[in-house]
Structure formats: C-alpha cells, structure tokens
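My request is simple: use the sequences and hints to build the entire structure.
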Amino acid sequence: MSGAVPKTFWSSPIRYLRWCAHEKPAIFYSIVIGAMGPVSLFVIPPLRRMAGDQDPPRIPLTYPIPKTPRKIPEGFDD
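FYI, the numbering for the sequence shown is 1 to 78, going by full-length UniProt numbering.
Mixed in with the good hints there might be a few duds.
Taking CB as the label site, the calculated pair distances span [unchecked claim]:
#, residue 1, residue 2, range
1, W10, L61, 33 to 39 Å
2, G34, Y63, 39 to 45 Å
3, P64, L41, 33 to 39 Å
4, I44, P66, 37 to 43 Å
5, R48, A21, 29 to 35 Å
6, S11, P38, 19 to 25 Å
Calculated directly from the structure, the hints in this document are not laboratory data. What you are looking at is a predicted structure, and each value in this text was computed from that prediction instead of being measured. Here a beta-carbon is modelled for each residue, glycine too, at the ideal position from N, C-alpha and C.
This is the structure in structure tokens:
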C-alpha cells in the first residue's frame, strides 16, 4: 500500500479499513463500534437467557377488579 489512500470505503472496504486502522484510528473504531450495534440486537438476548437472566414481568395495563364490593367509609357525611 505504500502510503496510497484508498479511493472510498464502498469501492474496497477491507483496504479502506486497513488504512483507517493505521492512519485514522478514530474513524476505524467508530466503524467497528457502529457495526456491532445491529449485530448485538440478535446476539445479546440469547446470551442473556443462557446466563440465567429472565425478562421482567409485563406491566399490567388495567387495575385488577376487586372480588368483593367496596366498603363505603362511614362518619364522613356532610
């Protein structure tokens, strides 16, 4: 590669990443971390379940209806 800068990322991505790793490490690590984001959506949930972590219980959307009628308080009449 004798110091030549590749044309673009899209024309030769491996060559560009190799050049970036040496000349512009901030760009290289930004690309690496950015590529890990979508992959983590499919990798992390199964790993969590294998480690024994469970999903939290769902939050109830309604208030439970009591089985007995409500007792009306006394002594607060107008």
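The hints, checked one at a time:
1. W10 with L61: 33 to 39 Å: Roughly 47 Å apart at Cβ, these two residues miss the hinted range, so it is violated.
2. G34 with Y63: 39 to 45 Å: holds (44 Å)
3. P64 with L41: 33 to 39 Å: holds (34 Å)
4. I44 with P66: 37 to 43 Å: holds (41 Å)
5. R48 with A21: 29 to 35 Å: holds (31 Å)
6. S11 with P38: 19 to 25 Å: The hint (19 to 25 Å, Cβ to Cβ) holds, given that S11 and P38 are roughly 23 Å apart.
Hint violations for this structure: number 1 only, all remaining hints satisfied.
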